[in-house]
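*Asks:* First residue of the sequence shown? That's 14 in my numbering, and the numbers climb one at a time after it.
Keep in mind that the hints are not guaranteed to be accurate.
Distance windows between CB atoms, simulated [claimed, not checked]:
#, residue 1, residue 2, range
1, K112, L157, 47 to 57 Å
2, K123, T163, 44 to 54 Å
3, T158, K112, 51 to 61 Å
4, Q169, L101, 27 to 37 Å
5, L89, R131, 24 to 34 Å
6, S116, L173, 47 to 57 Å
7, E73, A118, 36 to 46 Å
8, G115, R168, 41 to 51 Å
9, S161, A88, 11 to 21 Å
10, R77, N109, 36 to 46 Å
11, S66, R131, 16 to 26 Å
12, R160, V120, 50 to 60 Å
13, N109, T158, 47 to 57 Å
14, L89, S116, 39 to 49 Å
Keep in mind the hints are simulated off the structure, nothing from the lab. Ideal placement from N, C-alpha and C gives every residue a C-beta, glycine not left out.
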Amino acid sequence: MGNRKASAPTHHWGGEIVDQCARYPCLSMPLGQTTRMGSRYRYRRRSRNSFGSAVTDSAEIANRLSPRGAFVVGALGFALFYWVLPGLLVAWAEHNKAKMTGSFAPVFAKMIDEVFLRRFIHPAEWAGIAMLVVCWMIGLWKWLTWRSLTRRGVRQASVLSRLVSRWLG
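Using the sequences provided together with the hints, build the complete structure.
*Replies:* Right under this line is the structure:
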């Protein structure tokens, strides 16, 4: 007992001392990695673009639902990201531009318009189109075949819908 490290957490299982990190690999993994019951590791890369991850999440949700549910998720996502969210952002920007006073107010107002248009409104509209396309593709697939897509199929449909929405938008 004298040569054991005091800082290493240990437990007794069946008469042997086992290190927790060896027994539970998830304790020694870097952040962002997950394990399935300790048997294999799966790493999910996080998207830098939150709108892109919203498209992928809507595709996964649509894949779990019936064909009608996939169509509804696509229509709701499109309405939310194409009309509601940009409308709220424009209303917020107009409200804050009205508060501006001084000689630089018109310059800052124009800058706010450009920033909001390029950084928030266009990507939100793009995400709305991509959600509509991917959910309707999944809904059509499920309606024709009555089978769900695999995880790889959902990912490929999501990438394809992003490309189509960039082309359309």
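*Asks:* Next, verify each hint and record whether it holds.
*Replies:* Results of checking the hints against the structure:
no., hint, verdict
1, K112 to L157: 47 to 57 Å, "holds (53 Å)"
2, K123 to T163: 44 to 54 Å, "holds (48 Å)"
3, T158 to K112: 51 to 61 Å, "holds (55 Å)"
4, Q169 to L101: 27 to 37 Å, "holds (32 Å)"
5, L89 to R131: 24 to 34 Å, "holds (26 Å)"
6, S116 to L173: 47 to 57 Å, "holds (50 Å)"
7, E73 to A118: 36 to 46 Å, "holds (45 Å)"
8, G115 to R168: 41 to 51 Å, "holds (50 Å)"
9, S161 to A88: 11 to 21 Å, "holds (20 Å)"
10, R77 to N109: 36 to 46 Å, "holds (39 Å)"
11, S66 to R131: 16 to 26 Å, "holds (20 Å)"
12, R160 to V120: 50 to 60 Å, "holds (57 Å)"
13, N109 to T158: 47 to 57 Å, "holds (49 Å)"
14, L89 to S116: 39 to 49 Å, "holds (45 Å)"
The structure agrees with every numbered hint stated previously.
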